[in-house]
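Asker: Chain residues, written in single-letter form:
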Amino acid sequence: MNKGIISLLIVVLGMGFWTNLWSVSIQRAEYGQQLAEMQFAVPEDQQARDYLGLKGKGDVFKIPEIDAQVVIVEIFSMYCPHCQKQAPAVNDLFAVIQNQSGLKGKVKIVGMGVGNSAFEVGIFKKQYAIPFPLIPDEKQAIVNTLSGVVTPWFIGYRFNKDGSYNVFYSKPGGFSNEKEFLATMLELSGFPAGGGS
Amino acid sequence: MKRSGWLCILLLFGVFALSQNLSAVSKALEGSIYQVGKLQPTDSVLKVKVGDTAPDFTLKAVAGGGVTLSEYAGKKKVVISFVPAAWTPVCSDQWPGYNIVKDLFDANDAILLGITVDNIPSLFAWTSRMGELWFPVLSDFWPHGAVADTYGVLRTDGTAERAIIIVDKKGIIRYIDVHDINERPPLESIVNALEKLQE
Numbered sequence: 124m125n126k127g128i129i130s131l132l133i134v135v136l137g138m139g140f141w142t143n144l145w146s147v148s149i150q151r152a153e154y155g156q157q158l159a160e161m162q163f164a165v166p167e168d169q170q171a172r173d174y175l176g177l178k179g180k181g182d183v184f185k186i187p188e189i190d191a192q193v194v195i196v197e198i199f200s201m202y203c204p205h206c207q208k209q210a211p212a213v214n215d216l217f218a219v220i221q222n223q224s225g226l227k228g229k230v231k232i233v234g235m236g237v238g239n240s241a242f243e244v245g246i247f248k249k250q251y252a253i254p255f256p257l258i259p260d261e262k263q264a265i266v267n268t269l270s271g272v273v274t275p276w277f278i279g280y281r282f283n284k285d286g287s288y289n290v291f292y293s294k295p296g297g298f299s300n301e302k303e304f305l306a307t308m309l310e311l312s313g314f315p316a317g318g319g320s
Numbered sequence: 003m004k005r006s007g008w009l010c011i012l013l014l015f016g017v018f019a020l021s022q023n024l025s026a027v028s029k030a031l032e033g034s035i036y037q038v039g040k041l042q043p044t045d046s047v048l049k050v051k052v053g054d055t056a057p058d059f060t061l062k063a064v065a066g067g068g069v070t071l072s073e074y075a076g077k078k079k080v081v082i083s084f085v086p087a088a089w090t091p092v093c094s095d096q097w098p099g100y101n102i103v104k105d106l107f108d109a110n111d112a113i114l115l116g117i118t119v120d121n122i123p124s125l126f127a128w129t130s131r132m133g134e135l136w137f138p139v140l141s142d143f144w145p146h147g148a149v150a151d152t153y154g155v156l157r158t159d160g161t162a163e164r165a166i167i168i169v170d171k172k173g174i175i176r177y178i179d180v181h182d183i184n185e186r187p188p189l190e191s192i193v194n195a196l197e198k199l200q201e
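Chain order of the listed sequences is A and B.
Just add 123 to wherever you are in the first sequence, counting from 1, and you've got this note's numbering.
Just add 2 to wherever you are in the second sequence, counting from 1, and you've got this note's numbering.
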């Protein structure tokens, strides 16, 4: 093989690598912004309200109002078999976060039941003993806004001290190892290894 | 490290990256859902009404054998869920939800029968993706859509409406919802209808 062909292979395969790295964490980045601008009903459940620590006082909230440095949103549906299978792993992810003092209260998870009524979200919460807040999508706002979204779809937000945020993750599909997934999310978010201040 | 060593590492990274992209593509193909677009909400004329005796039928089940509606008389209420077609968007996200609420059906002494006008092999392939369903899935394929037609929920294109029909233990129709085909009927409407029959 001559040097020219080898060089070409390196360039092509190298491009594949870097393109893949980029696409691994961000697909349909607009979903993050669209979701952040949407309003959802504040949960009636006091435990859910305490967990979210919403800064606003009204009956509705937006994701950036959640009191956290990193928020991982799972867009799910009670009707989605993949979400059903994924539920125990997401519960484990929540437990791992809650068991680390450097993460608890700073990294939070919330589920958005795309196209699901409050009743349907309640069924999912009960059947899989979901410990974090699940927000219904009674008026199908997510369905109508996030065109083409599939479930489960995870979106990661990093909130800055000035109130701004950036979307560091937006991708369909789940995960099998909660610790690896969390490590990826923390690394991509830039969250300090020892916990944020 | 020698130059050839670096080359090997780069090549390995590249091959890994390309393989990841390929797997992403194949995962997307796993969906295999045909997008039907926005359809006319309903496209049939009901031939039954609440209070009528439910027309009896026997249909082949994906699990094998046949299921006859009248076999449940005196034993179970029957929730008949007609859905338009396999491998279409809303239908594919309807029965998997019912699959996690067997306890709600049990609590109301009810069985669910899922019916489409697809043939058994298509239904087998489709429902296999949903996991193990606890309720019978029945094929109204041949004579094509005959049961759907008897109830008046066969659309002019040969698919069924997205309809829920609840039959009590006496074989009487107690609830009918021919739903907008583009939307999934809320689960609570079925549960509420079943609970009213308990009263």
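Among the hints, erroneous ones may be present.
[Said to hold, decoys possible] Capping the alpha-carbon separation at 30 Å, the derived lysine-lysine pairs in DSSO-like fashion look like this:
1. B:Lys40 to B:Lys51
2. B:Lys40 to A:Lys294
3. B:Lys40 to B:Lys171
4. B:Lys172 to B:Lys198
5. B:Lys171 to B:Lys78
6. B:Lys62 to B:Lys49
7. A:Lys208 to B:Lys104
8. B:Lys62 to A:Lys248
9. A:Lys180 to A:Lys208
10. A:Lys248 to A:Lys302
11. B:Lys198 to B:Lys171
12. B:Lys40 to B:Lys78
13. A:Lys248 to B:Lys172
14. B:Lys198 to B:Lys40
15. A:Lys262 to B:Lys171
16. A:Lys208 to A:Lys284
17. A:Lys302 to A:Lys180
18. B:Lys172 to B:Lys62
19. B:Lys77 to A:Lys249
20. A:Lys248 to A:Lys229
21. A:Lys262 to A:Lys249
22. A:Lys262 to B:Lys172
23. A:Lys248 to B:Lys78
24. B:Lys40 to B:Lys77
25. B:Lys51 to A:Lys249
26. A:Lys249 to B:Lys104
27. A:Lys262 to B:Lys78
28. A:Lys249 to A:Lys284
29. A:Lys249 to B:Lys198
30. A:Lys284 to A:Lys294
31. B:Lys40 to B:Lys172
[Claimed, not checked] Some chain B residues well away from chain A (every beta-carbon gap over 12 Å; in silico):
32. Asp45
33. Pro57
34. Trp97
35. Tyr100
36. Leu106
None of these hints come from the bench; they were simulated from the model.
Heads up, the beta-carbon is just placed ideally off N, CA and C, and yes, glycines get one too.
Asker: Decide, hint by hint, whether the structure agrees.
Answerer: Hint check:
1. Proposed proximity of lysine 40 of chain B and lysine 51 of chain B is supported: the alpha carbons are some 27 Å apart, at most 30 Å.
2. As the CA atoms of lysine 40 of chain B and lysine 294 of chain A are separated by approximately 26 Å, the hinted pair is consistent with the 30 Å bound.
3. A threshold of 30 Å between alpha carbons decides the hint, and for lysine 40 of chain B with lysine 171 of chain B the separation of about 37 Å lies outside it, so the pair is violated.
4. Under the criterion of a C-alpha separation no larger than 30 Å, the hint pairing lysine 172 of chain B with lysine 198 of chain B is consistent with the structure, at around 15 Å.
5. In summary, the hint linking lysine 171 of chain B to lysine 78 of chain B is supported, as the alpha carbons are separated by about 6 Å, within the 30 Å threshold.
6. Our distance criterion of 30 Å between C-alpha atoms is met by lysine 62 of chain B and lysine 49 of chain B, whose separation comes to about 23 Å.
7. Taking the CA atoms of lysine 208 of chain A and lysine 104 of chain B, the gap is about 17 Å. The hint holds against a cut of 30 Å.
8. In summary, the hint linking lysine 62 of chain B to lysine 248 of chain A is not supported, as the alpha carbons are separated by about 35 Å, beyond the 30 Å threshold.
9. This hinted pair does not check out: lysine 180 of chain A and lysine 208 of chain A have alpha carbons roughly 35 Å apart, beyond 30 Å.
10. At most 30 Å may separate the alpha-carbon atoms for a hinted pair to count; lysine 248 of chain A and lysine 302 of chain A meet this at roughly 22 Å.
11. For the given pair, lysine 198 of chain B sits about 14 Å from lysine 171 of chain B by alpha-carbon distance, which is consistent with the 30 Å threshold.
12. Under the criterion of a C-alpha separation no larger than 30 Å, the hint pairing lysine 40 of chain B with lysine 78 of chain B is inconsistent with the structure, at around 36 Å.
13. Pair hint lysine 248 of chain A plus lysine 172 of chain B does not hold up; C-alpha atoms about 35 Å apart against a cutoff of 30 Å.
14. For the hint pairing lysine 198 of chain B with lysine 40 of chain B, the CA-to-CA distance comes to about 33 Å; that exceeds 30 Å, so the pair is violated.
15. Simply put, lysine 262 of chain A and lysine 171 of chain B have alpha-carbon atoms about 35 Å apart, too far for the 30 Å limit, and the pair is violated.
16. Proximity of lysine 208 of chain A to lysine 284 of chain A is assessed by CA-CA distance (about 36 Å); at most 30 Å being required, the pair is judged violated.
17. Between the alpha carbons of lysine 302 of chain A and lysine 180 of chain A the distance comes to roughly 34 Å, so the proposed pair goes past 30 Å and is violated.
18. This hinted pair checks out: lysine 172 of chain B and lysine 62 of chain B have alpha carbons roughly 23 Å apart, not beyond 30 Å.
19. Of the supplied pair hints, the one linking lysine 77 of chain B and lysine 249 of chain A holds, its CA atoms being roughly 28 Å apart against a limit of 30 Å.
20. About 23 Å separates the Cα atoms of lysine 248 of chain A and lysine 229 of chain A, which keeps this hinted pair within 30 Å; it holds.
21. Distance hint between lysine 262 of chain A and lysine 249 of chain A is fulfilled; the C-alpha atoms sit about 22 Å from each other, no more than 30 Å.
22. Restraint check for lysine 262 of chain A and lysine 172 of chain B: not satisfied, since their Cα atoms lie roughly 37 Å apart, outside the 30 Å limit.
23. At most 30 Å may separate the alpha-carbon atoms for a hinted pair to count; lysine 248 of chain A and lysine 78 of chain B meet this at roughly 28 Å.
24. Among the hinted pairs, lysine 40 of chain B with lysine 77 of chain B is inconsistent with the structure: their alpha-carbon atoms are about 39 Å apart, more than 30 Å.
25. For a cut-off of 30 Å, the pair hint linking lysine 51 of chain B to lysine 249 of chain A is broken: about 35 Å separates their Cα positions.
26. Restraint check: the Cα-Cα separation between lysine 249 of chain A and lysine 104 of chain B comes to about 13 Å, which is no more than 30 Å; the hinted pair holds.
27. Taken as a hint, the lysine 262 of chain A and lysine 78 of chain B pair is broken in the structure, with Cα atoms around 34 Å apart against an allowance of 30 Å.
28. For the suggested pair lysine 249 of chain A and lysine 284 of chain A, the alpha carbons sit about 35 Å apart, so the restraint of at most 30 Å is broken.
29. A threshold of 30 Å between alpha carbons decides the hint, and for lysine 249 of chain A with lysine 198 of chain B the separation of about 23 Å falls inside it, so the pair holds.
30. Distance restraint check for lysine 284 of chain A and lysine 294 of chain A: the Cα-Cα separation of roughly 25 Å lies within the 30 Å cut-off, and the hinted pair is therefore satisfied.
31. At roughly 38 Å between alpha-carbon atoms, lysine 40 of chain B and lysine 172 of chain B are farther apart than 30 Å, so this suggested pair is violated.
32. Chain A leaves aspartate 45 of chain B outside its interface by the beta-carbon criterion, the shortest separation being 22 Å against a cut-off of 12 Å.
33. Distance check for proline 57 of chain B against chain A: the nearest CB is about 29 Å away, which clears 12 Å, and the non-interface claim stands.
34. Some Cβ of chain A comes within 12 Å of the Cβ of tryptophan 97 of chain B; the nearest lies about 8 Å off, and the non-interface call is violated.
35. Some Cβ of chain A comes within 12 Å of the Cβ of tyrosine 100 of chain B; the nearest lies about 8 Å off, and the non-interface call is violated.
36. With a closest Cβ-Cβ approach of about 8 Å to chain A, leucine 106 of chain B is found to fall inside the 12 Å limit, against its non-interface label.
Taken one by one, the earlier hints fail for this structure at numbers 3, 8, 9, 12, 13, 14, 15, 16, 17, 22, 24, 25, 27, 28, 31, 34, 35, 36, listed in ascending order.
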